[in-house]
Amino acid sequence: MEKQNTVLPSLKIGNKIVPVPIVLGPMGAGVSLAELVASVANEGGAGILSVVCIRKIWSDRLNRAVSTYEAVGLEIQKTRELSPNGVIGMNVMVAVQRDYQDSIRSAIDNKIDFITIGAGLIGDLPVMDYPHETFIAVIVSSARALSIIIEKWKRNKWAEQGYKLAAAIFEGDKAGGHLGFKADQIGKPEYSMEALLPEIKKVAQANGNFPVIAAGGIFTNQDILDVIALGADGVQMATRFMATKESSASDAYKQAVIETNSPDDIIVSSGSPCGLLFRVLANSPMYKTHLLAGRPPLCDKGFLLRRDANGKYTICPAKNNNKDFFCICNGLGASCGHNIGEEDLYTGGANAYRITRIETVKEVMNELKGLV
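Per the working numbering, numbering of the sequence shown is gapless, rising by one per residue and ending at 374.
These are calculated hints, taken from the structure and not from any lab test.
Honestly, I wouldn't trust all of these hints.
To be verified - Straight line, CA to CA, 25 Å or less: simulated DSS-like cross-link-like pairs of lysine-lysine:
1) Lys154 - Lys190
2) Lys364 - Lys247
3) Lys184 - Lys204
4) Lys256 - Lys364
5) Lys18 - Lys364
6) Lys204 - Lys18
7) Lys166 - Lys204
Build the full structure now, drawing on both the sequences and the hints.
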């Protein structure tokens with residue numbers, strides 16, 4: 003008989019109680035999909051869907067053109083079928099401007115439990131044509147960023163429109179993918195979890211006392227206990243689940259994670275078109291090609307395009323600058339099997355090198371609960 007979770011507290015996000023205070027970090031493109039998300043939720047955590055590239059994924063599945071709105075709904079429905087009673091959220095990236103509002107609208111229409119918003123300070127929230135109560139968790143890298151978001155919330159009267167600020171997710175400098183830090187801040191004590199988390203907690207306590215969830219570099223049950231002792235109400239973890247059986251990462255991606263044996267094999271790069279630092283595995287085929295400037299940008303997916311003067315989505319820094327930027331959309335899609343013929347781009351957190359084998363979500367969750 004399994005021991006029960008008697009050490010870790012539960013976590014409340016909006017009107018949902020997460021029995022185990024572990025939130026699956028959204029891994030895009032196409033890694034944190036229904037099977038992985040539902041599996042974490044079924045083990046008592048909160049699963050978070052990543053909807054970057056979701057239109058491409060569902061268009062491939064159905065062999066027809068699918069809109070972002072429809073694709074988000076289909077993935078939420080699939081997840082809910084696999085986890086009827088679990089807590090399920092969805093992540094939206096501010097940097098994915100073209101799909102931002104449609105993703106949120108679809109999530110609300112499909113009754114997602116909560117939405118996390120990151121990769122930039124929160125953008126405008128859509129005005130729905132019916133009353134709703136939607137819980138939002140914002141991803142921040144500092145107390146100042148959280149304060150700015152809170153002021154924007156009040157200024158735009160989002161609470162009156164049905165949007166409730168339900169949590170803050172502090173994503174530290176050891177996280178994978180896009181980072182909210184400058185290059186000279188990475189690894190500095192003054193930008194560590196220990197330094198910044200208490201400041202963010204103070205802002206949350208002064209503005210409704212919503213929960214603060216810590217993310218970045220959390221790997222073990224003891225790590226979870228340590229950040230809770232610092233003031234966190236829960237944790238967000240992605241890298242630990244990257245190479246699980248239920249992850250939608252390709253077999254090559256999972257193997258690349260297992261073959262990453264040292265912190266030196268994990269690189270913080272400045273090449274993302276988002277303008278944010280980006281942590282990648284050094285053995286990523288696309289990243290190695292980028293170092294040689296061997297791949298001209300091919301912007302045929304357009305997930306990171308920005309509006310031009312005419313309101314059309316045509317602008318991407320990587321389109322005309324192959325020296326300072328590299329085209330990440332195709333590489334990320336390839337790493338989950340949706341861009342055949344493209345080189346893979348693998349992201350991972352600072353502790354990705356500690357993963358040595360493929361496990362099931364249940365095995366990982368039992369370790370994190372302190373049951374084994």
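- Item | Pair hint outcome, Lys166 versus Lys204 [Cα-Cα no greater than 25 Å] | The given pair, whose Cα atoms are some 19 Å apart, holds under the 25 Å limit.
- Query: Straight-line Cα separation of Lys184 and Lys204 no greater than 25 Å?
  - Reply: This hinted pair holds, its Cα atoms lying about 23 Å apart.
- Does the alpha-carbon distance linking Lys18 and Lys364 stay inside the 25 Å limit? 21 Å, holds
- Item | Hinted pair Lys364 and Lys247, Cα distance within 25 Å | Given that 25 Å is the threshold and the Cα spacing comes to 10 Å, the pair holds.
- Hint consistency between Lys204 and Lys18 [alpha-carbon to alpha-carbon, up to 25 Å]: 23 Å, holds
- Given the hinted pair Lys256 and Lys364, is their alpha-carbon gap at most 25 Å? 17 Å, holds
- Query: Can the restraint linking Lys154 and Lys190 be considered satisfied, given a maximum Cα separation of 25 Å?
  - Reply: 29 Å, violated
This entry does not satisfy hint 1, going by the numbered hints stated previously; all others are met.
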